[in-house]
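Student: The chain contents come next:
There are 2 protein chains.
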Amino acid sequence: MPPFDVPEGDPFAVPEGHPFAVPEGHPFGPHNLPYGVFSAAGSDARTVGVRLGDHVLDAAAAAHALGSPYAALLAHPTLNPLLAAGRTAWSDLRRALTAWLTVPSHRETIAPHFHPLSAVTLHLPFEVADYVDFYASENHARNVGRIFRPDSPDPLTPNWKHLPIGYHGRSGTVVVSGTEVVRPSGQRKAPADPAPVFGPSVRLDIEAEVGFVVGTPSEQGRPVGLGEFRDHVFGICLLNDWSARDLQAWEYVPLGPFLGKSFATSVSAWITPLDALDEARVAPPERTHALLPYLDDSAPDVDPGGYDLRISVAVNGHVVSEPPFTTMYWTAAQQLAHMTVNGASLRTGDLYGSGTVSGGAPGERGSLLELTWNGRDPLDLPSGKRTFLEDGDEVTLTAWAPGPGGTRVGLGEVTGRVAPRE
Amino acid sequence: MPPFDVPEGDPFAVPEGHPFAVPEGHPFGPHNLPYGVFSAAGSDARTVGVRLGDHVLDAAAAAHALGSPYAALLAHPTLNPLLAAGRTAWSDLRRALTAWLTVPSHRETIAPHFHPLSAVTLHLPFEVADYVDFYASENHARNVGRIFRPDSPDPLTPNWKHLPIGYHGRSGTVVVSGTEVVRPSGQRKAPADPAPVFGPSVRLDIEAEVGFVVGTPSEQGRPVGLGEFRDHVFGICLLNDWSARDLQAWEYVPLGPFLGKSFATSVSAWITPLDALDEARVAPPERTHALLPYLDDSAPDVDPGGYDLRISVAVNGHVVSEPPFTTMYWTAAQQLAHMTVNGASLRTGDLYGSGTVSGGAPGERGSLLELTWNGRDPLDLPSGKRTFLEDGDEVTLTAWAPGPGGTRVGLGEVTGRVAPRE
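Line order of the protein sequences matches chains A and U.
Numbering (full-length UniProt numbering) for the first sequence: 1 to 422.
Numbering (full-length UniProt numbering) for the second sequence: 1 to 422.
Note: identical chains are not told apart, hence a pair may lie in one copy or across any two.
Computed list of lysine to any residue pairs in SDA-like fashion (alpha-carbon distance at most 20 Å, straight line):
no. : residue 1 : residue 2
1   : Lys161    : Gly145
2   : Lys385    : Gly363
3   : Lys189    : Thr387
4   : Lys161    : Pro194
5   : Lys189    : Asp154
6   : Lys189    : Pro254
7   : Lys189    : His162
8   : Lys189    : Asp296
9   : Lys161    : Gly199
10  : Lys161    : Val197
Because the hints were derived from the structure by calculation, they are not lab data.
Remember, it's a predicted structure, so these values are computed and weren't measured experimentally.
Let the hints inform the model, and build the full structure from the sequences given.
Tutor: The structure is reproduced here in structure tokens:
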């Protein structure tokens with residue numbers, strides 16, 4: 001059943017530029033309906049918005065105008081109350097939104113509550129509780145292993161095929177798309193240097209990732225099983241896990257990345273609900289190692305938990321890579337099960353990143369570290385040769401997923417420009 | 001000047017058991033005044049409390065009764081509004097509290113707002129923003145290096161003397177003293193095992209640490225200097241960073257500890273303000289390596305940032321270790337400067353742990369890993385032999401610092417019992 005039931009009489013025959021005049025094939029058509037937080041022109045007040053084409057619906061105002069009980073969940077400066085409401089509410093609200101956009105009398109009622117996307121300010125859509133970053137692309141992990149441990153017989157560490165490796169990041173520095181990223185300073189030390197030196201990072205990199213946003217919390221001491229993924233996860237965003245490779249290389253033994261990552265993580269302004277991605281669900285790649293039961297998604301009654309997302313990475317408007325999310329070895333459902341198997345609880349607003357998405361082909365790698373092979377093979381861009389990012393460079397991640405009837409479900413872009421260290 | 005100016009006429013000549021009848025030398029005397037969050041008997045409402053002896057002052061009620069403008073900062077279910085108020089407010093409020101406890105008319109007014117400590121429920125005192133754990137004890141790092149990398153010529157990694165190594169932990173599983181800790185399950189693999197096995201941790205450990213609580217936030221992109229420590233950090237707590245050594249050993253390469261730590265971190269219910277610890281300030285140990293300027297605390301105008309805290313670790317009521325905090329190589333001021341030097345911002349409620357505190361003597365080690373040398377040398381306790389923790393074991397950390405005039409400033413205890421995995 002398509003999520004958007006077009007009634008008779010062609011209610012979409014509206015003038016061009018009208019919020020309902022979404023061109024056919026638009027990646028933010030009525031089959032998508034991602035959520036964000038915006039403030040209208042001339043206002044500081046933040047509230048929940050739903051994107052339709054190139055407009056934003058003030059969802060709380062629309063709900064209020066229609067007398068919908070959802071108004072109370074939507075009239076907030078973050079998505080957190082909606083995230084906390086749980087799967088039944090998420091799906092119900094989505095059906096309600098679809099009706100609002102479809103039933104002619106509802107359409108008339110909500111029409112005044114659209115704003116042109118270009119006229120609003122988009123904000124960080126949710127208050128981030130804990131942020132975890134995974135390392136789930138086998139291609140990425142193999143590339144990193146080959147680059148940093150060239151003498152090792154296996155580029156993967158012995159644990160890699162047994163568990164989805166992850167670590168906690170800094171949730172206080174998660175920023176919304178469009179936020180400038182100041183080049184981080186820190187210590188670095190090349191193997192030949194007698195002592196570390198201090199200064200702005202000279203190997204500032206990107207990591208193209210998909211982020212998963214937790215809605216329903218869980219109790220401390222109770223693991224969340226593979227089959228509970230959709231009960232807890234509300235939706236997805238795009239995520240750029242900016243990385244200072246030189247800082248990271250010097251600091252990360254033995255306790256992992258810290259300052260090389262913690263200066264900024266950018267997320268898209270739009271959170272696409274899982275319900276919009278049903279057509280994009282795919283089986284994960286075949287696993288080469290037997291999995292322990294809590295990670296084993298080969299049973300017939302388990303949702304495979306993979307998603308077909310086509311990502312594009314652009315530097316200064318020039319596409320440098322197209323990483324395919326289908327290649328990820330570990331799924332988001334496995335990551336959730338692993339993250340909680342020790343009894344760690346989930347909170348509303350928890351965010352976890354997939355890890356850098358890299359496909360098997362050179363043009364599918366999700367970091368400059370891999371694309372330039374640690375700087376050995378510079379990229380020849382219209383804006384000049386690049387090994388790592390220069391001040392002023394703007395990085396933009398976009399993505400889409402297959403939608404119903406051959407449509408595309410667009411993910412919100414995540415973009416950020418590198419500002420020089422003052 | 002003592003912080004508690006006793007007026008003439010002996011207003012402390014009060015009946016035994018009265019809140020003001022704090023025995024001389026009590027570690028929670030009027031020179032201490034730590035903050036917490038409590039609910040009174042028969043009530044679910046949480047509010048800020050100040051500990052005096054074995055009583056808790058309902059600080060908001062007292063402020064309200066006295067017409068103090070601080071009532072608005074204190075009538076909250078967490079310390080976060082007070083934390084956000086900044087250094088001037090923190091010091092002013094402390095002076096006001098001292099006056100309330102000293103001036104006879106004020107004493108009379110606030111006397112009804114004390115509750116016996118035994119009759120209240122203590123809660124997590126603040127909403128934790130980001131949680132970072134450091135690794136700042138040289139003795140601990142050397143012991144860990146010797147245990148896990150016995151063939152390495154140097155037990156310290158090459159970066160250890162150049163920067164305070166740290167990583168982000170899970171803030172959502174920080175719990176208050178007294179909370180039961182469920183034994184975590186997870187993957188472990190001994191070197192000789194052909195594949196990892198799954199089950200409850202068999203090497204559940206403690207880490208005796210001191211936690212630092214950030215009040216004043218900072219701006220993303222702007223490092224916080226060594227000299228700004230007291231502007232941003234409100235106070236300290238005790239912290240037990242529970243660790244599943246078997247899970248940690250298998251998972252931690254290459255991205256650091258994750259499930260081995262994220263199931264629970266316990267903090268004391270009382271946050272001791274830095275203002276109560278002026279007499280405990282000490283110079284850090286002499287450094288063996290030159291420090292980069294942002295970490296160099298040898299300049300005469302820099303607050304050395306060390307604290308003399310005497311910690312005690314007890315298992316089932318039996319003291320197993322007395323780690324001295326004076327031995328920490330890196331100070332909390334250096335940790336703050338390092339954590340932000342890349343431009344990472346601070347938020348109100350950020351918590352950072354010192355890392356396991358271990359002195360140079362065997363009886364001063366802050367973890368069972370070290371105390372039993374990874375299980376080789378079991379401890380012979382009244383409750384039986386121990387290598388790591390058994391179900392039902394209760395761990396309690398206590399500590400004190402030198403106070404004015406030979407007094408002791410007690411830190412709130414942090415205790416927790418291990419519950420079996422169901």
